[in-house]
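K.L.:
Sequence:
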Amino acid sequence: MNIPSELKYTKDHEWVKIDGDIATVGITDFAQSELGDIVYVDVDTLDETVEREEIFGSVEAVKTVSDLFMPLSGEVIEFNEDLEDSPETVNSDPYGEGWMIKIKISDSSQIDSLLDAEAYKSVIGA
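Each residue of the sequence shown is one higher than the one before, counting from -9 in the working numbering.
Simulated from the structure, these hints should not be mistaken for laboratory data. We treat Cβ as the ideally placed atom computed from N, Cα and C, and that holds for glycine. Don't take every hint at face value.
[What the hints assert, rightly or not] DSSO-like mimics (lysine-lysine), calculated; alpha carbons at most 30 Å apart, straight line:
#	residue 1	residue 2
1	K92	K7
2	K92	K1
3	K94	K111
4	K1	K94
5	K7	K53
6	K111	K1
7	K111	K7
8	K53	K111
9	K92	K111
10	K53	K92
11	K1	K53
12	K94	K7
[To be verified] With beta-carbon atoms standing in for the labels, derived distance ranges:
#	residue 1	residue 2	range
13	D102	D27	18 to 26 Å
14	E87	I114	32 to 40 Å
15	E65	D102	19 to 27 Å
16	E74	T54	28 to 36 Å
17	G10	A107	36 to 44 Å
18	G86	E108	33 to 41 Å
19	I114	D57	13 to 21 Å
20	D9	L36	33 to 41 Å
21	K94	S48	29 to 37 Å
22	V52	S103	30 to 38 Å
23	G26	G115	36 to 44 Å
24	S96	G26	16 to 24 Å
25	E108	V29	30 to 38 Å
26	E78	M(-9)	14 to 22 Å
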(Lines of atoms letter the chains of each structure in order from A and count residues from 1; the text may use other names and numbers.)
(Lines give C-alpha, C1' and ligand atoms only; values in the text may rest on other atoms or scores of the structure.)
Protein backbone atom coordinates (compact mmCIF):
# COMPACT_ATOMS: atom_id res chain seq x y z
CA MET A 1 0.00 0.00 0.00
CA ASN A 2 1.45 3.33 -1.10
CA ILE A 3 0.99 6.11 1.49
CA PRO A 4 3.41 8.98 0.74
CA SER A 5 4.65 10.59 3.97
CA GLU A 6 4.72 14.13 2.51
CA LEU A 7 0.94 14.21 2.00
CA LYS A 8 -1.97 14.73 4.41
CA TYR A 9 -5.03 12.46 4.52
CA THR A 10 -8.68 12.27 5.58
CA LYS A 11 -10.64 9.45 7.18
CA ASP A 12 -12.67 9.43 3.94
CA HIS A 13 -9.57 8.38 1.95
CA GLU A 14 -8.72 11.67 0.23
CA TRP A 15 -5.11 12.81 0.07
CA VAL A 16 -4.07 16.46 0.23
CA LYS A 17 -0.89 18.17 -0.97
CA ILE A 18 -0.52 21.66 0.52
CA ASP A 19 1.36 24.32 -1.48
CA GLY A 20 0.89 27.71 0.17
CA ASP A 21 -2.86 28.44 0.09
CA ILE A 22 -3.52 25.88 -2.65
CA ALA A 23 -4.37 22.24 -1.91
CA THR A 24 -4.31 19.48 -4.53
CA VAL A 25 -6.73 16.66 -3.72
CA GLY A 26 -7.22 13.08 -4.91
CA ILE A 27 -8.16 9.69 -3.53
CA THR A 28 -5.67 7.37 -1.89
CA ASP A 29 -4.15 4.20 -3.25
CA PHE A 30 -6.23 2.31 -0.68
CA ALA A 31 -9.45 3.96 -1.92
CA GLN A 32 -8.80 3.27 -5.60
CA SER A 33 -7.94 -0.37 -4.86
CA GLU A 34 -11.15 -0.79 -2.83
CA LEU A 35 -13.25 0.80 -5.60
CA GLY A 36 -11.74 -1.21 -8.44
CA ASP A 37 -11.67 0.02 -12.04
CA ILE A 38 -12.71 3.66 -12.10
CA VAL A 39 -14.82 4.57 -15.11
CA TYR A 40 -15.93 8.15 -14.37
CA VAL A 41 -14.99 11.10 -12.15
CA ASP A 42 -17.70 13.75 -11.67
CA VAL A 43 -16.86 17.11 -10.15
CA ASP A 44 -19.65 19.67 -10.47
CA THR A 45 -18.34 22.18 -7.92
CA LEU A 46 -15.73 23.99 -10.04
CA ASP A 47 -15.55 27.70 -9.10
CA GLU A 48 -17.73 27.06 -6.03
CA THR A 49 -16.79 27.43 -2.38
CA VAL A 50 -17.37 24.15 -0.58
CA GLU A 51 -17.10 23.57 3.17
CA ARG A 52 -14.91 20.90 4.71
CA GLU A 53 -16.56 17.43 4.73
CA GLU A 54 -19.18 18.47 2.16
CA ILE A 55 -19.38 16.54 -1.12
CA PHE A 56 -17.40 18.04 -4.02
CA GLY A 57 -18.04 15.26 -6.54
CA SER A 58 -18.18 11.53 -7.02
CA VAL A 59 -16.14 8.72 -8.47
CA GLU A 60 -17.79 5.88 -10.33
CA ALA A 61 -16.30 2.41 -10.53
CA VAL A 62 -17.67 -0.62 -12.35
CA LYS A 63 -19.70 -1.78 -9.34
CA THR A 64 -20.22 1.34 -7.20
CA VAL A 65 -20.40 5.13 -6.96
CA SER A 66 -18.63 6.87 -4.09
CA ASP A 67 -18.93 10.47 -2.95
CA LEU A 68 -15.83 12.66 -2.71
CA PHE A 69 -15.55 14.84 0.39
CA MET A 70 -13.76 18.17 0.76
CA PRO A 71 -10.75 17.80 3.06
CA LEU A 72 -10.63 21.57 3.67
CA SER A 73 -13.01 24.48 3.16
CA GLY A 74 -12.25 26.52 0.08
CA GLU A 75 -12.99 27.35 -3.53
CA VAL A 76 -12.60 24.58 -6.10
CA ILE A 77 -10.36 26.39 -8.60
CA GLU A 78 -9.34 23.56 -10.90
CA PHE A 79 -10.55 20.13 -12.01
CA ASN A 80 -8.20 17.62 -13.63
CA GLU A 81 -9.91 17.53 -17.02
CA ASP A 82 -7.64 14.68 -18.17
CA LEU A 83 -9.82 12.44 -16.00
CA GLU A 84 -12.79 13.03 -18.31
CA ASP A 85 -11.09 10.98 -21.04
CA SER A 86 -8.88 8.81 -18.81
CA PRO A 87 -10.56 8.17 -15.43
CA GLU A 88 -8.46 5.02 -15.04
CA THR A 89 -5.50 7.32 -14.28
CA VAL A 90 -6.89 7.46 -10.73
CA ASN A 91 -6.15 3.72 -10.51
CA SER A 92 -2.74 3.78 -12.16
CA ASP A 93 -1.34 7.00 -10.58
CA PRO A 94 -3.57 8.13 -7.68
CA TYR A 95 -0.96 10.49 -6.17
CA GLY A 96 0.31 11.94 -9.45
CA GLU A 97 -1.56 12.32 -12.75
CA GLY A 98 -4.72 11.01 -11.05
CA TRP A 99 -5.24 14.12 -8.88
CA MET A 100 -8.83 15.42 -8.96
CA ILE A 101 -9.15 19.03 -7.84
CA LYS A 102 -7.24 22.05 -6.61
CA ILE A 103 -8.66 24.18 -3.81
CA LYS A 104 -7.91 27.74 -2.74
CA ILE A 105 -7.92 27.15 1.02
CA SER A 106 -10.19 29.53 2.95
CA ASP A 107 -9.27 28.43 6.49
CA SER A 108 -5.67 27.24 6.84
CA SER A 109 -6.24 26.29 10.51
CA GLN A 110 -8.15 23.24 9.20
CA ILE A 111 -4.88 21.79 7.87
CA ASP A 112 -4.03 20.75 11.43
CA SER A 113 -7.08 18.44 11.49
CA LEU A 114 -5.80 16.37 8.56
CA LEU A 115 -4.12 13.03 9.21
CA ASP A 116 -0.45 12.38 8.61
CA ALA A 117 0.67 9.17 6.89
CA GLU A 118 1.04 7.24 10.15
CA ALA A 119 -2.43 8.22 11.37
CA TYR A 120 -3.95 7.30 7.99
CA LYS A 121 -2.24 3.90 8.14
CA SER A 122 -4.03 3.21 11.43
CA VAL A 123 -7.39 4.23 9.84
CA ILE A 124 -7.00 1.60 7.12
CA GLY A 125 -5.36 -0.97 9.37
CA ALA A 126 -2.04 -0.94 7.50
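K.L.:
Does each hint hold? Answer for all of them.
P.N.:
A quick look at each hint next to the structure:
no.	hint	in the structure
1	K92 to K7	holds (9 Å)
2	K92 to K1	holds (19 Å)
3	K94 to K111	holds (27 Å)
4	K1 to K94	holds (21 Å)
5	K7 to K53	holds (29 Å)
6	K111 to K1	holds (10 Å)
7	K111 to K7	holds (17 Å)
8	K53 to K111	holds (25 Å)
9	K92 to K111	holds (24 Å)
10	K53 to K92	holds (27 Å)
11	K1 to K53	holds (22 Å)
12	K94 to K7	holds (12 Å)
13	D102 to D27: 18 to 26 Å	violated (35 Å)
14	E87 to I114: 32 to 40 Å	violated (23 Å)
15	E65 to D102: 19 to 27 Å	holds (20 Å)
16	E74 to T54: 28 to 36 Å	violated (20 Å)
17	G10 to A107: 36 to 44 Å	violated (21 Å)
18	G86 to E108: 33 to 41 Å	violated (22 Å)
19	I114 to D57: 13 to 21 Å	holds (18 Å)
20	D9 to L36: 33 to 41 Å	violated (19 Å)
21	K94 to S48: 29 to 37 Å	violated (22 Å)
22	V52 to S103: 30 to 38 Å	holds (33 Å)
23	G26 to G115: 36 to 44 Å	violated (19 Å)
24	S96 to G26: 16 to 24 Å	violated (34 Å)
25	E108 to V29: 30 to 38 Å	holds (32 Å)
26	E78 to M(-9): 14 to 22 Å	holds (19 Å)
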